[in-house]
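A.B. asks: Model the placement of chain B on the given structure of chain A, informed by the hints.
These protein sequences, in sequence, are chains A and B. End of the first sequence = 154 in the numbering used here, gap-free, step of one. End of the second sequence = 443 in the numbering used here, gap-free, step of one.
No lab work stands behind these hints, which were simulated from the structure alone. You can trust all of the hints, since none of them are fake.
Label pairs and their computed distance ranges (CB to CB): (1) A:E55 to B:P398: 40 to 50 Å; (2) A:D61 to B:E347: 42 to 52 Å; (3) B:A434 to A:E55: 39 to 49 Å; (4) A:A116 to B:Y267: 22 to 32 Å; (5) A:D113 to B:E394: 24 to 34 Å; (6) B:P198 to A:T130: 29 to 39 Å; (7) B:P198 to A:E55: 17 to 27 Å; (8) A:E55 to B:G325: 31 to 41 Å; (9) B:A418 to A:P128: 55 to 65 Å.
Cβ coordinates follow ideal geometry from the N, Cα and C atoms, glycine included.
One-letter residues, chain by chain:
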Amino acid sequence: MTGRLGQRARHNPALGLASLLLLALGLVLAACGDDGTTADRGNGDDGNGTTDNPEEVAVIDGSEADVNVIDNTFDAQNIQVQVGTTVVWTNNGRQDHDIIAVDESAGFGVDPDDFAPDSVYEYTFGQPGTYRYYCSLHGTEDAGMVGTVIVQDE
Amino acid sequence: MHPSEDEQRDRGRRRHRGRLALVLVVPLLVAAAACGDDDTDAAGADEPSGGDVDPGRQEVRAVPDEYETIQAAVDAAEPGDLVLVSPGVYKEAVDVETDDIVIRGLDRNEVILDGEFEKDNGIRVFSDGVAIENMTARNYTTNGFFWTGVNRYRGSYLTAYNNGDYGVYAFESTTGLFEHSYGGGSPDAGFYIGGCYPCDAVIDDVVAENNGLGYSGTNAGGNLFIVNSTFRNNRAGIVPNSGSYEPEYPEREATIVGNLVYSNNNYDSPAIDSARLAEGNGILVAGGNDNAIERNRVWDHDLTGIGIVIVPDDEAEGGVFWPSGNAVQDNVVDDSRLADLGVVDQEDAGNCFAGNEFATTAPANLETLMPCSGEGTGDRDEGALDIGRLAVLEDKHPAGDIHDVPPPPDQENMPDAASAPWEAAGDPPSVDVAAIEVPDRPS
Chain A
1 MTGRLGQRAR HNPALGLASL LLLALGLVLA ACGDDGTTAD RGNGDDGNGT TDNPEEVAVI
61 DGSEADVNVI DNTFDAQNIQ VQVGTTVVWT NNGRQDHDII AVDESAGFGV DPDDFAPDSV
121 YEYTFGQPGT YRYYCSLHGT EDAGMVGTVI VQDE
Chain B
1 MHPSEDEQRD RGRRRHRGRL ALVLVVPLLV AAAACGDDDT DAAGADEPSG GDVDPGRQEV
61 RAVPDEYETI QAAVDAAEPG DLVLVSPGVY KEAVDVETDD IVIRGLDRNE VILDGEFEKD
121 NGIRVFSDGV AIENMTARNY TTNGFFWTGV NRYRGSYLTA YNNGDYGVYA FESTTGLFEH
181 SYGGGSPDAG FYIGGCYPCD AVIDDVVAEN NGLGYSGTNA GGNLFIVNST FRNNRAGIVP
241 NSGSYEPEYP EREATIVGNL VYSNNNYDSP AIDSARLAEG NGILVAGGND NAIERNRVWD
301 HDLTGIGIVI VPDDEAEGGV FWPSGNAVQD NVVDDSRLAD LGVVDQEDAG NCFAGNEFAT
361 TAPANLETLM PCSGEGTGDR DEGALDIGRL AVLEDKHPAG DIHDVPPPPD QENMPDAASA
421 PWEAAGDPPS VDVAAIEVPD RPS
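In isolation and in its complexed conformation, chain A is listed as follows (with noise of 0.2 Å):
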């Protein structure tokens, strides 16, 4: 069974602030910030901020683990934590996602309400185990854009 240490889904208001600048700046697509805490993406970073290979695992260490989400991908894709380990999912892309767990009882996961673009969810995992999840409106449970969290035991 997987403990729910917490989770929350919050909109980001340093990006918010950011995409009004550049709005202001000039024409913007859509531009939201890497806050610089973008963990190790693996040996696949194709140097765009992709992962080139969905096969690859990124092994992130600490506290927390950052996932970057664009349209219509989950970047790293495949993310390996420790147990305890917050991961935090920010919407960079210019589309709603959403996070539904392919284990319905894993016990995370957001809705595109909660999930709108510059919008942050998070959530700890505390039991090992291998955590699938996908986008529902680009993907299926194992096609287009999916994820999955490898949590280890310390």
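C.D. replies: Just chain B now, kept in the frame of chain A:
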């Protein structure tokens, strides 16, 4: 006979896996596309190109005669099959996960997928080689027809209108073709190809109107052709653009030739903010590179006919996607209230203008300042493009309501939909760019 709207309601995601293929009774089609017919060399009758199809077992799966829903027929289909849909309103959101099938409507204007502004995508494709033909998708909260992460795709004789994001959409997909299709009433783009390089794709003979953007191509390029099409009465017409919110940035190497682009000042259209920012422009390259824009006819725009501008983006080097290497040649542009041709770029960025018919440019004398051959001369600051006219969202018109967009008139049907052979999506046709002339202005 086909099910009533009530019968179709909420059948959308029901699956019927494991159902045995039935002996088919679709006389017209079977006569034309018989399994294993060795006497025909029609494309697709023996083997869809690029797929792994058993040429001896292609089947037609009829909706609703054999399968109550499109989804049920799609789930039963095997590579090489045709899902043939009779007229009706299908309140479904269909997912496709089988390679190399064709989904075809018998009548483009009467085979209608309706999301009722509740379902997300009309048809969403996750598998390679899938072609969708001759039908309509309307009123979906996200997209009408959507291919994602696939190789080989095709949309032919499609109508998509009043869908919440895009009409006809390919994302992170390569080797594709959109042709003879209509996209209207989307707050983002009527036609969209995004996140691919090289895309190896063609958009040919489509009409986009009443959208936020007629065409948008975020980070899409490389052997990508947008040709012989009409983009009218959108907020903005054709907008290749760069953005870190999708993979494969920056945008580069799209070829935009032989299109009619006019009156893209439709401030009643639904629009996301980026479409509002782009409003009033015919062809707008936003932070893109090495695009070829040739022999288009462009007129009646409140801002630029053809504009090349910057895009601020935190992930771009220096915080801005600077456009470079774009060649604007031999277009006919007039009646632009800000400038027929305009550019905001860095010195020596390699953007060039030559052979165009126009009245105004910003900066002044663009074809002398930035020629496509030889050294440019002139003052970049003289008559510089007022980027502020494009950039301030608060100055833009508010978005219109998607519910207020009128449905399009009936669109041209696919010839012989009931009897034409079928072919899974393969390589798009090669485009003879040099043979494309400036299209005539419609009467």
